[in-house]
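Participant: Below are the chains, spelled out letter by letter.
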Amino acid sequence: MASGTRPRTPPPALLDATALEALVDALRARGFTVMGPTVRDGAVVIAELTSAADLPYGVGVDTDAGRYRLRARDDRAAFGHSAGPQSWKNVLHPPRALVWSADRTPDGSMAGGEPARERRYALLGVRPCDLAAIKVLDRVLTGGRQADPVYTGRRDGNLIIAVECTEPGAVCFCSSMGTGPGTDDGFDLALTELVDGGEHLFVVRAGTGEGAEILAGLPARPADEGIVERAREAVGAAAGRMGRTMRPGSLPDLLAEARGSPHWDDVAARCLTCGNCTMVCPTCFCTTPEDVTDLTGDHAERWRRWDSCFDLDFSYLHGGSVRTSGRARYRQWLTHKLGTWHEQFGSSGCVGCGRCIAWCPAGIDLTREIDALAAAGAG
Amino acid sequence: MDTVAHAVVPGPAFPVPYRVVARRAETADTVTMELANDDGPLDAFAPGQFAMLTAYGIGEVPISLSAVAVAGGRTRRLVHTVRAVGAVTRALCGAAPGAVIGVRGPYGTAWDLAAAAGRDVVIVAGGIGLAPVRPLVHAVLADRSRFGDVALLVGARTPADLVFRDDLRRWAGAGAQVAVTVDRPAGDWDGHVGVVPSLLPQARFDAGHAVAFVCGPEIMMRFTAEALIRAGVAPARVQISLERSMRCGCGWCGHCQLGPLLVCRDGPVVAYERVAHLLTVREL
Ligand SMILES: Cc1cc2nc3c(=O)[nH]c(=O)nc-3n(C[C@H](O)[C@H](O)[C@H](O)COP(=O)(O)OP(=O)(O)OC[C@H]3O[C@@H](n4cnc5c(N)ncnc54)[C@H](O)[C@@H]3O)c2cc1C
Ligand code: SF4
Ligand code: SF4
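Here the protein sequences come in this chain order: R and Z. In terms of the UniProt record's numbering, the first sequence opens at residue 1 and continues consecutively. In terms of the UniProt record's numbering, the second sequence opens at residue 1 and continues consecutively.
It should be emphasised that the hints constitute simulated quantities derived from the structure, not laboratory data. The structure presented is a predicted model; accordingly, all values stated were derived computationally and were not measured. The beta carbon of each residue, even a glycine, is placed where N, CA and C say it ideally should be. Please note that a few of the clues may not be correct.
To give an idea of the chain Z side of the interface with chain R (calculated C-beta under 10 Å), a few residues [claimed, not checked]: (1) Pro12; (2) Gly208; (3) His209; (4) Arg247; (5) Cys250; (6) Gly259; (7) Val281.
Here chain Z stands alone, though its shape is the one from the complex:
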């Protein structure tokens, strides 16, 4: 290995060690983990923002917070839900309680929940996209009387891929309409089958006064946003969370460009109307 002896100094590129204190398997390939560092070395994260997580010696990837707990403006606890799709996410999912993971952040834009005050709220999530909106659901339900109707529409490939099942049940009892669909039914699934936008007609909300938050695969976000707009939601009130290759999280690496946007800096959360014309350009 190409090692050099050198003095070291703390800085923004160095991941801060957090320890895994809890780990729960959500599905066959997805794990929710809680990380702790009692010194609270990182600033507070807001729902929608992400952290760069390092599996030491393997690599670093952007992962959203799937729950946000802030004490005194510092982050002592982080909750992430990670789907194992490659080397780094596999290592993160395999980290047992006691293991140390490097963390940098908070990065990116947050869901603009203030824009939804006094309005109906529609949250639409596909697959692991439920993780980045989970803290948003928490925030809405914690302050339920500030909002009108609240609908949460969730899609998964198969029933076995559905994450946060217990939460979905709990949220349904805490003032949210919760509807779930799968692309391919299996086992004893007797629920809705079809793509997520097909859940829209059964949700109760006043489109003219609603704010929508959408997270999932890009194609799903596009179809959902277009369906919401057709139903009468103002394009400026549809927020989506973009995904691009991100190697640093803070604008230095150049990978996450989408036209004029640096997604790590100008996103991941953006108003759909700002990017709609970019998302239709192939290979942009």
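The shape of chain R in the complex, shown without the other chains:
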């Protein structure tokens, strides 16, 4: 995307890595709950950051199909890791959420409503692929006739600090999905991390007035053309180091034609229908409600939790589930993600983050399944 399509914003600035501390402090001082990457239980997860010291400095990851391991980097990069098991979906569309609560009134009716919004989130360290995933969720959950209040309650008023990717992993393919490794819009601030030769710097661009205002309060200096060019090159080089590639061409057509493909039986023989891929995917949004009452029946609540199209009950109708075989459930997932999503929501449901490949216990890789479906169709 051409950077010229952005509104004219201040020229890029340069921050020392130590300024991340001031950035987190400034966000907190403005009342934001700052969410960002941090190490927990052997993985880089997304959690509340109380200071920049919580960031995963010097942590890298090794990924492959069915594999995710932390490793020590030989530098102090804060964002030198590719996607972990969580995504911003965990913050904006949490695994379990209260939808509404109600209490019995004296006349026997029920009065209540949805939970009021309590926090404003700053999302720090959003990769371009994950920024694209947030835009996908926006279209799905706010683009219809009624916006989903659980999502908007957490999404509205976000401050987004993107970090361009200079460190793609072996399961990444954002460049073939057109969602990364760089980004030109959708953020308040965008950082590009430069670590070499003992130097640790961030090139910073503001995308909104609020971003510019925050930047103005940080110990920044003007970035000269040379360093801006180095940042651009680092991102450009990342585009060439993706471990995976998604086949070009119309995937909606390929998948619509593949509904009867024998290859689905081949995947089904490997797939455990565990649903891990749907849990880690930053755009998989399906949920199931759970209604509860207290013992008196005078207080009722509706909660909802993530659900998965791999779950047998997912398509349950009186009389039985529509999709009983593993074959039909994998077909639903892949076809929705890469095919029918376009017709439903105007874009692909996949941003190429590679999470579903790394977290599949069977090492199933959607880019290869697409290649196999294409080959089966052609043969």
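Following the hints, complete the assembly by docking chain Z with the ligands onto the known chain R.
Facilitator: Here is chain Z with the ligands on its own, set in the frame of chain R:
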């Protein structure tokens, strides 16, 4: 219970309380209920659209309107006909007058009755599928001169499962041909026996100029639509009402997909030609 203290605000996910003001048993497992909220908090429903009904503390399910009464663009009264098949529908069917039920809506697409103006109308319903077409029958008969021949073909598993018996008699006297069939006869049944499409030959309508509305189990809708098309009805003029698992009614939960359709948003009423190729794919 996992309870949190929090401020609440009104919003689209919160079911609005309506009170049960009338309840009539249709069959052993099916109840027609009238719900009222004099504030008319919900927008007007059109025939074919559905509401999400909440039995507090138990759950929420999609239920069509079996009659539509609109005053000033607001919904003060709702009529639903519910067949008890599981926890939520059992609770709804058990709600006595005075009980409070949560309602959200209107959701989904409506029957396109305008497409039938000046044409013959064929309405085919199986089982509880008669409920979602009932407001359509009301609308057709209320404006009878706008349409040509009107045929209503109804199927039930057994005579005891037949809903809206009084209505069927009334409609037959109000300008509609009404034919009823059962899968399995019982008692003193001396009517037609067989699947619903087998009623088609005895209905009088000009297939080339007819619009058809079909609601019932998916397999019944497929066979009926195919029979109508064979008889000469244009595939684009056959409307059906789809059923899929629906947990929210407004496109947030992802359950109701049928290929490229989100049935709660793009349906439940769709032109048969739009989905015919999807309905033949097993487990889609
Ligand atoms: C657009 C539309 C209109 C409809 N209109 C009518 C109508 O007018 N009248 C009518 O009678 N019916 C109608 N139905 C059908 C009605 O919605 C279903 O009969 C109803 O949802 C059944 O709910 P239940 O809880 O009573 O039964 P169940 O069949 O037990 O459960 C229904 C839902 O609960 C979930 N569920 C149940 N058990 C489990 C489990 N063990 N694990 C996970 N999930 C579970 C399933 O997702 C299922 O979809 C309509 C359906 C649709 C889609
Ligand atoms: S389908 Fe896989 S690669 Fe695509 S966005 Fe989801 S998790 Fe990432
Ligand atoms: S593809 Fe992999 S992660 Fe997804 S359900 Fe199958 S085994 Fe689980």
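Participant: Next, verify each hint and record whether it holds.
Facilitator: Hints and how they fare:
Evaluation of the proline 12(Z) hint against chain R yields a held restraint, the C-beta minimum of about 4 Å falling below 10 Å. Contact between glycine 208(Z) and chain R, as hinted, is not supported at the beta carbon level, the nearest pair being about 32 Å apart and thus beyond 10 Å. Checking histidine 209(Z) against chain R: minimum C-beta separation of about 32 Å lies over 10 Å; hint violated. About 6 Å separates the beta-carbon of arginine 247(Z) from the nearest beta-carbon of chain R, less than 10 Å, and the hint is met.
Hint status for cysteine 250(Z): holds, given a least beta-carbon distance of 5 Å to chain R, under 10 Å. Evaluation of the glycine 259(Z) hint against chain R yields a held restraint, the C-beta minimum of about 6 Å falling below 10 Å. Checking valine 281(Z) against chain R by beta carbon gives a least distance of about 5 Å; that is within 10 Å, so the hint holds.
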